[in-house]
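Visitor: Residues per chain, in single letters:
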Amino acid sequence: MKKRRLVIRSIILLLLGSAVVYSLYANLTRDTKQKVAIGSEAPDFALVDMQGNKHQLSDYRGQGVFLNFWGTWCPPCKKEMPYINNQYHQYKDKGVQVLTVDIQESELAVNQFADRLKLDFPIMIDTDKEVMNTYGIDPLPATFLIDKNGKVVKYYTGELTEDKIREFMEKIKP
Amino acid sequence: MNDVKCECGHVNPHGTVLCEACGKELMIGTITDQLIDMRYEGSARRSQTYNKTIIDKIWNFFSSVKVGVWLIIITLVASSLGTILPQEMYIDLPADVYYEQEYGWFGKLYYQLGFNNLYGSWWYLILIAMIGISLVICSLDRVVPLYKALKAQRVTRHEGFLKRQRVFGVNDVVSESDLTVIKKQLKERHYHIREENGDVLAEKGRFSRWGPYVNHVGLIIFLFGGMLRFIPGMYVNEDLWVREGETAIVPETDGQFYLHNNKFILEHYDKNKDKTFEKAINKAGEVVKNYQSNVVLYKRVGQNLPGEKPNLKKIKDYKVRVNLPLQYEGYSVFQASFRNELNKMSFALTNKQTNISNGELTIDLRDPQMKYDLGKGYSVEILNYFPDFEFAKNGEPTTKSRIPNNPAFVFRMVTPDKPKGETSFVAIKQTIEPFGDNRYKMTFKGIETTNVSGFIVRKDSTLWAIILGGIIFMIGVIQGAYWNHRRIWIQNKNGQVWIAAHTNKNWYGLKREIEGVLADTKLSVPIDQAQIEENEKGGV
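Respectively, the protein sequence lines represent chains A and B.
Position 140 of the first sequence, counted from 1, bears residue number 140 in the working numbering, the numbering being contiguous throughout.
Count along the second sequence from 1, then add 1000; that gives the number in the working numbering.
For the record, the hints were derived by calculation from the structure and aren't laboratory data.
Heads up, the beta-carbon is just placed ideally off N, CA and C, and yes, glycines get one too.
Be careful, since some hints might not be right.
Heads up, simulated BS3-like pairs for lysine-lysine below, C-alpha to C-alpha not over 25 Å straight-line [unchecked claim]:
hint, chain 1, residue 1, chain 2, residue 2
1, B, Lys-1148, B, Lys-1204
2, B, Lys-1309, A, Lys-54
3, A, Lys-129, B, Lys-1459
4, B, Lys-1309, A, Lys-35
5, B, Lys-1066, B, Lys-1148
6, A, Lys-94, A, Lys-129
7, B, Lys-1420, B, Lys-1376
8, A, Lys-118, B, Lys-1371
9, B, Lys-1263, A, Lys-129
10, B, Lys-1309, A, Lys-118
11, A, Lys-35, B, Lys-1459
12, B, Lys-1299, B, Lys-1313
Label pairs and their in silico Cβ distance ranges [claimed, not checked]:
hint, chain 1, residue 1, chain 2, residue 2, range
13, A, Met-50, B, Lys-1420, 19 to 29 Å
14, A, Met-50, B, Asn-1304, 43 to 53 Å
15, A, Lys-92, B, Ala-1427, 32 to 42 Å
16, B, Ile-1456, A, Ala-26, 15 to 25 Å
17, B, Glu-1308, A, Tyr-156, 19 to 29 Å
18, B, Lys-1344, A, Pro-174, 44 to 54 Å
19, B, Ile-1456, A, Pro-174, 14 to 24 Å
20, B, Gln-1303, A, Lys-171, 54 to 64 Å
Produce the complete structure using the sequences and hints provided.
Guide: What follows is the structure, given as structure tokens:
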């Protein structure tokens, strides 16, 4: 009798407790939850660059991918772009591809920006913010490091220094 | 701990105050000349009894009504704190800046204490959860013993139980015919009558006792419905802005649905047409009659990668108006807002001296071209475009965002007499000629705006739980409020006939009813002992 009571009480408390824990967990992770988790497979996407070449992420299996999201209007983006370009040249023959995605801007703005900063890595425009939403990006700039197996190694927001970019490139070098 | 056997033979659980069957007092030491506390029928609230393991301790904590009331008070106070300053979701600036800037040291403190997002904070959720747990355990801990006690009650009750009921009376002689009248009267009043050895128990409205527990079940279902919102996909409430003529992905649908906005319509009441409202319109000025977006809903066919052009199948045309949402597969798209955005800007390339135009150009601010050829050797190139222009700290022109709120251009004007071109910086109400006097200028000709419809995309799969909980809640309230649980005992004790009565509320009604029942008999109406006690106290 006493034992049964203890069991019933334990079960009820356990049920209530797990409901509470789940609610708390779900609520607290709702806003901060990264849509693309570290270690998971990077969602595939396909965009056309300014030269008209189509880039599909999964085509770069076997190489590391440095995926950067930016805007011409964002000052830190402007600062880090030349560094990314330098490192792009250092690593493009070592198996690291640089893909950069501008969020919903005009071709003119992007082209002029690229010309002014002499950028020659592939630049794509995410016209419908679809890729941005898939990756759950909020503040720009944002950088994803993807290894040769297509897994996300790191997610970084904020301005990058040249040293940091080099460090990142080393990380995903196959 | 052992069960307690009453002298009437009934075995009660440990902790029982009044025998479940006959009502004899089992806990010795209570003062005997006072009325019996009939709460929960004197049953053993188990929590009060077993206090051994940690599980029991937790159980007992939540089983206390006192704890429950305190939890509610604390939650009320906490909830009111959240209303002092606006919550984070209603402010435009980042929270760490906003509160201090707007409300000084108090705002800073408010932010530091985390009150900016009070209702979503972990501790607030824990408070609500604790109320829920308290509700479940309090109810379980009371309803089970109460049910058992009411089920186990016998007709014949112990003398002490009867004597110490609030309504009690004694008659020396009672005729058989009077008893028959009483029973008949009780039946007419819908009492359920049980008899044993000439003793009578008349009872009605027992189900009213379950009211509070039914009510609690409703509340728990309601809370459960609130919890369901945290499950991904159960509750969607997202903003969606779609410019006229454009198609956007409906958020939170896994890219399944696309919404195309054909046209946004804003209509005002016309005082010439609606004569009835002429005065009101004169007083209020412009009064909006209708906000409407003519939209087309599309569904994606087949798979496509993000960034690729999807294959879309048209599902339906709809005119979304306020309170008339577009509904499809559980999703509702409401007309919620609109804004006007700059769309196109027109300029004329004019000779400053002659003021003669050498051609006009219209620039699509979302997709400007690099070069506009005006013919006859006249052309204009855009060297630089700033959709949301401002001067940066270092004095360079720059753009704040990608939205054309304040467009500015650096033009190169190529003309037959200046084939190398002249450079001019043009912003709204501002022209700068960085390399000296130009012969030509870009004359502002006009702007074109476009409407952007603001929608709210909503899906709520938790409503059924909220509604069900609400209905059960109300049933419980009605059950407990509009019925009374009344019992009348008529029993032979010491050669006399004792009448005792109990109700869970509305004693006046019970006494009136007894008066009616006894009206045609010689029996005296039992008295209200509680009132006598009151009177005695008052009389001294």
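Visitor: Against the structure shown, which of the earlier numbered hints fail to hold, in ascending order?
Guide: Per hint list: 6, 10, 14, 19 and 20 violated.
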